[in-house]
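K.L.:
The chain contents come next:
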Amino acid sequence: MDFLHSVLVKPFTDMAAAPDFLLQVLWEGTVSGVLYSLIALGFVLIFKSSRIFNFAQGIMVVFAALTLVGLYERGVPAWLALPLTLGVMFILAVAIERVVLRPLVNQPDIILFMATIGITLFLIGLGETIFGGENKRMITQELGIPTGSYIFEPFGGFVSIEQRDITAVVGAIVLVGALLLFLNKSKMGRAIRALGDDHQAALSVGISLSTIWVLVWFIAGMIALATGIVWGSRAGVSFALEVIALKALPVLMLGGLESVTGAIIGGLMIGILEKLFEIYWGQPLLGGNTEAWFAYMLALLVLLFRPQGLFGEKIIERV
Amino acid sequence: MLYRVAGQFKTSYKADYALFPVRQDAWLLTFILLLAFVVFPMTANEFTFRALLIPVLIYSLAALGLNILTGYAGQLSLGTGAFMGVGAYACYKLVTIFPEMNIVVAIALSGFFSATVGMAFGLPSLRIKGFYLAIATLAAQFFLVWLFQKWAWLYNYNASGAIQVPNISMFGVPVAGPNAKAITQYYFVLGIVCVVTFFAINITRGRIGRIWKAVRDMDIAAELVGINLMKAKLLAFFVSSYIVGVAGALFVFLWRGAAEAELFDIQLSFRVLFIAIIGGLGSILGNFLGAILIVALPVLLGVVPRMFGLPISSAMVEHLNIMIIGALIITFLILEPHGLARYWQIIREKLIIWPFPH
Chain A
1 MDFLHSVLVK PFTDMAAAPD FLLQVLWEGT VSGVLYSLIA LGFVLIFKSS RIFNFAQGIM
61 VVFAALTLVG LYERGVPAWL ALPLTLGVMF ILAVAIERVV LRPLVNQPDI ILFMATIGIT
121 LFLIGLGETI FGGENKRMIT QELGIPTGSY IFEPFGGFVS IEQRDITAVV GAIVLVGALL
181 LFLNKSKMGR AIRALGDDHQ AALSVGISLS TIWVLVWFIA GMIALATGIV WGSRAGVSFA
241 LEVIALKALP VLMLGGLESV TGAIIGGLMI GILEKLFEIY WGQPLLGGNT EAWFAYMLAL
301 LVLLFRPQGL FGEKIIERV
Chain B
1 MLYRVAGQFK TSYKADYALF PVRQDAWLLT FILLLAFVVF PMTANEFTFR ALLIPVLIYS
61 LAALGLNILT GYAGQLSLGT GAFMGVGAYA CYKLVTIFPE MNIVVAIALS GFFSATVGMA
121 FGLPSLRIKG FYLAIATLAA QFFLVWLFQK WAWLYNYNAS GAIQVPNISM FGVPVAGPNA
181 KAITQYYFVL GIVCVVTFFA INITRGRIGR IWKAVRDMDI AAELVGINLM KAKLLAFFVS
241 SYIVGVAGAL FVFLWRGAAE AELFDIQLSF RVLFIAIIGG LGSILGNFLG AILIVALPVL
301 LGVVPRMFGL PISSAMVEHL NIMIIGALII TFLILEPHGL ARYWQIIREK LIIWPFPH
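Sequences listed follow chains A and B, in order.
Heads up: the first sequence runs through residues 1 to 319, numbered per UniProt numbering.
Heads up: the second sequence runs through residues 1 to 358, numbered per UniProt numbering.
Some hints here could point you the wrong way.
Computed spacing ranges between beta-carbons, pair by pair [what the hints assert, rightly or not]:
#	chain 1	residue 1	chain 2	residue 2	range
1	B	R127	A	R234	34 to 42 Å
2	A	E134	B	G161	19 to 27 Å
3	A	V205	B	L297	42 to 50 Å
4	B	G191	A	D197	43 to 51 Å
Chain B is nowhere near these chain A residues, computed Cβ spacing over 12 Å in every case [unchecked claim]:
#	residue
5	P103
6	T167
7	V205
8	G256
Read the hints as simulated data drawn from the structure, not as lab findings.
Source: prediction; values computed, not measured.
Each residue gets a CB set at the ideal place from its N, CA and C atoms; glycine is no exception.
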């Protein structure tokens with residue numbers, strides 16, 4: 001009875017007792033949710049256009065952030081380091097397409113998946129060899145991102161919101177909006193969607209596979225850079241970020257591998273729910289740190305009822 | 001010449017399905033076993049045992065377990081590290097609760113614990129397929145490692161949170177723990193690996209193995225010809241997790257000597273997956289080839305630059321190591337997606353017709 005009370009009743013009375021704290025938790029959850037969504041978005045774009053389950057997306061985030069900071073530390077001014085990093089991400093996209101993807105066209109999914117794990121390891125090694133493995137500070141102020149915080153006092157309580165988090169959320173919304181506009185309205189975007197729908201039909205009407213792949217990997221690189229800047233300013237830049245980037249996997253599964261909407265909603269859901277679970281159930285009942293597995297268990301639970309994720313395309317199997 | 005099959009006639013189906021249809025294969029295996037049982041122990045030193053021979057065997061065993069699940073039954077798993085952890089922690093609890101239990105029995109029993117856990121996390125495979133299934137094993141990976149940290153009973157409420165292998169003797173000879181000699185441990189691991197490999201070969205080439213392959217190639221078609229998917233998939237999870245659990249117990253008890261939860265993190269899962277894929281999915285031999293490559297590479301990278309007098313710091317070696325393994329994985333996938341085992345097949349085919357290829 002006591003146990004049931006502490007699972008079913010007490011967390012909710014706690015929430016009602018301190019609504020300002022609840023708001024703070026929700027905000028924190030939203031911010032990390034936005035970041036999960038961004039990483040998952042990179043995955044979805046690549047998966048849609050090439051059926052490659054790109055494990056390297058998380059590492060591209062770290063690699064982009066590390067390149068940016070590394071360039072700045074070597075004396076490149078911040079305004080120049082940003083386009084230079086984008087250039088590096090473009091070279092990376094071209095290199096991946098030429099060296100890895102092109103020879104592996106038409107291989108089974110698991111082989112391509114393994115190849116992206118190979119890319120992951122290569123990028124980790126390369127990044128650490130060039131820029132060193134220690135934790136670095138993200139150049140937040142130098143890029144002109146405000147770092148103060150706003151304080152609200154709803155319900156006679158206290159909620160603190162960091163300005164850089166607001167920048168992150170607004171930036172993410174702008175980025176996603178631009179991306180959706182690009183995918184739905186531009187010619188290139190239509191080509192990407194066509195490839196996602198039917199590979200062979202798209203090829204037969206003259207859409208260039210390699211151009212689209214480079215483009216898609218470059219867009220994923222841009223998203224990675226944006227994510228890296230935001231995440232780096234919260235937690236510093238190092239390869240420890242990789243574990244957080246793995247969280248994008250349950251986000252994807254929850255939302256459905258092919259769906260941009262799914263990635264966004266899945267990210268927000270996981271971000272908010274795992275924070276709530278950790279604060280109100282995990283810490284008092286399970287000894288904390290439940291964020292390590294909650295997202296995966298949630299995704300697993302949802303998949304049991306909807307095997308294609310919340311917004312994924314219905315899986316039709318033929319023999 | 002060496003591999004000529006002319007003159008080896010088969011007069012029954014039984015002979016055709018034998019484990020070694022070509023006599024030279026059996027000789028080759030005898031030669032390898034002689035190397036493993038006699039030559040290596042006589043020539044190897046302490047460092048070679050601890051850094052090369054024992055880890056190669058243990059990683060091969062873990063990869064063998066994974067290969068049964070992923071290579072034969074076609075179910076992708078990213079949670080091998082955690083299942084190894086279940087085996088190791090189960091063995092630790094068994095040994096500390098029943099100190100007089102024989103270590104072989106403890107290791108064999110601990111496999112059942114990981115097999116049960118593996119089967120529980122394999123249940124979603126009946127509904128979830130392909131990459132979506134990876135999430136089930138990932139959930140196992142992160143949840144179990146979290147459990148190893150938080151459930152103090154598992155590590156007997158140690159202040160350090162790590163499990164420490166006690167001194168264990170078998171028939172008066174120290175086998176595990178700080179007192180054990182490397183050569184005893186090597187023979188112990190080698191014995192278990194040989195037995196498990198023998199069973200694995202025979203399971204995979206028999207009825208069950210063919211059922212798994214049918215499920216891997218197309219599970220709906222397999223169901224239509226009357227294969228019970230639930231039984232087949234769960235059995236694959238059971239057998240695979242059992243072998244992985246045994247490998248985990250060996251990993252801690254006969255090699256590392258101590259372990260904390262972080263040892264079984266996702267990096268370990270990936271290392272085992274690399275071994276299985278570089279070696280060749282759906283092949284038993286491949287696991288050994290892959291393990292030799294993945295274990296020997298860091299050792300070589302540490303030794304070779306020093307031989308040429310290049311000053312490379314150990315951190316740099318670590319970074320280069322990761323980078324080279326990544327590049328190697330990509331290279332191997334491009335050159336031969338079926339892994340090292342396929343290379344051996346090609347070489348063997350060539351040898352059989354050599355020197356008259358037409």
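K.L.:
Please go over all the hints and tell whether each is borne out by the structure.
P.N.:
Against the structure, the hints:
1. R127/B with R234/A: 34 to 42 Å: holds, 37 Å
2. E134/A with G161/B: 19 to 27 Å: Distance hint for E134/A, G161/B holds at roughly 25 Å.
3. V205/A with L297/B: 42 to 50 Å: Holds - the Cβ-Cβ distance for V205/A and L297/B, about 46 Å, lies within 42 to 50 Å.
4. G191/B with D197/A: 43 to 51 Å: With a Cβ separation near 56 Å, G191/B and D197/A fall outside 43 to 51 Å, so the hint is violated.
5. P103: With a cut-off of 12 Å, P103/A comes too close to chain B, as the shortest Cβ separation is near 4 Å.
6. T167: The claim holds: T167/A sits with its nearest Cβ about 30 Å from chain B, beyond 12 Å.
7. V205: holds, 28 Å
8. G256: Not fine: 9 Å to the nearest Cβ puts G256/A too close to chain B.
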